[in-house]
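With numbering that gives the first Met the number 0 as the guide, the letters of the sequence shown map in order to residues 0 to 174.
Keep in mind that the hints were calculated from the coordinates and are not lab data. Take the hints with a grain of salt, since some may be wrong.
No farther apart than 30 Å at their CA atoms in a straight line, the calculated lysine-lysine pairs in the DSSO-like style are these [unchecked claim]: (1) Lys81 / Lys51; (2) Lys143 / Lys68; (3) Lys98 / Lys143; (4) Lys69 / Lys98; (5) Lys143 / Lys81; (6) Lys98 / Lys68; (7) Lys98 / Lys81.
Here are the simulated distance ranges between beta carbons [said to hold, decoys possible]: (8) Ser107 / Ala45: 15 to 21 Å; (9) Ser141 / Ala45: 37 to 43 Å; (10) Gly53 / Arg173: 19 to 25 Å; (11) Gly53 / Glu134: 19 to 25 Å; (12) Thr42 / Arg173: 26 to 32 Å; (13) Lys81 / Ser141: 28 to 34 Å.
Glycine included, C-beta positions come from ideal geometry on N, C-alpha and C.
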Amino acid sequence: MKRVVLGLGAAALAVAATVGVAVADPGGSAAPRPSLVVQEQITDIAIPAEAKVGTPFTSYADITDTARKKIGETGGQCAIVKAHFEGHMWAAQCTSMWKLPGGQLSVSQLLPFDTVTGAAPKKARSGAAADYAFEGVVTGGSGKYRGARGEVRFSQVQDAPSGFFGFRAEFTLRP
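Based on the sequences and whatever the hints tell you, model everything.
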């Protein structure tokens, strides 16, 4: 199992070419170590003003390294599948392509959105403090990621002084 960690600056690896790949113990005794850290900064998103089931929207984001140098891009399509649950929430099913150095990854996820805070709500990971917003499934890849499967956990990142908004993505990949 390989684990790739991406820090997203707005909506998910040229660095991957220079960073080793971490492989998990098949017995599961050791957690895989991150092999890549980047950021995704959302540059374009068309979130609908009113949440209605079936309403589509799209997004585009730059993928950067931790110094915020662009190394890739990601784009996605979403459709609202549940509107106004818990009074102020909606959910969308999204698919996205992550163009990285050496290949691409395909991701599918259910995106929760809080209309009060304008953010994805945090979830606790294995009893830990709330540290991620939502999960996705890696459904495939090309190039160095050919046949990839796995999961990805997203957490929101916001740096108000610089205007940076995005997500950190932690990918756990299986060939």
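So, going through the hints one by one against the coordinates:
1. As the CA atoms of lysine 81 and lysine 51 are separated by approximately 8 Å, the hinted pair is consistent with the 30 Å bound.
2. This hinted pair checks out: lysine 143 and lysine 68 have alpha carbons roughly 21 Å apart, not beyond 30 Å.
3. The hinted pair formed by lysine 98 and lysine 143 meets the criterion: a straight-line CA distance of about 12 Å does not exceed 30 Å.
4. The hinted pair formed by lysine 69 and lysine 98 meets the criterion: a straight-line CA distance of about 11 Å does not exceed 30 Å.
5. Distance restraint check for lysine 143 and lysine 81: the Cα-Cα separation of roughly 36 Å exceeds the 30 Å cut-off, and the hinted pair is therefore not satisfied.
6. For the given pair, lysine 98 sits about 15 Å from lysine 68 by alpha-carbon distance, which is consistent with the 30 Å threshold.
7. Taking the CA atoms of lysine 98 and lysine 81, the gap is near 29 Å; set against the 30 Å cutoff, the hint holds.
8. The beta-carbon spacing between serine 107 and alanine 45, approximately 19 Å, falls within the hinted interval of 15 to 21 Å.
9. A C-beta distance of roughly 26 Å is found between serine 141 and alanine 45, which places it outside the suggested range of 37 to 43 Å.
10. Range check, glycine 53 to arginine 173: Cβ separation about 33 Å, and the 19 to 25 Å hint is violated.
11. As the Cβ distance of glycine 53 to glutamate 134 is approximately 23 Å, the hint placing it in 19 to 25 Å holds.
12. At about 30 Å, the beta-carbon gap between threonine 42 and arginine 173 stays in the expected band of 26 to 32 Å.
13. A hinted range of 28 to 34 Å holds for the C-beta pair lysine 81 and serine 141, which are about 32 Å apart.
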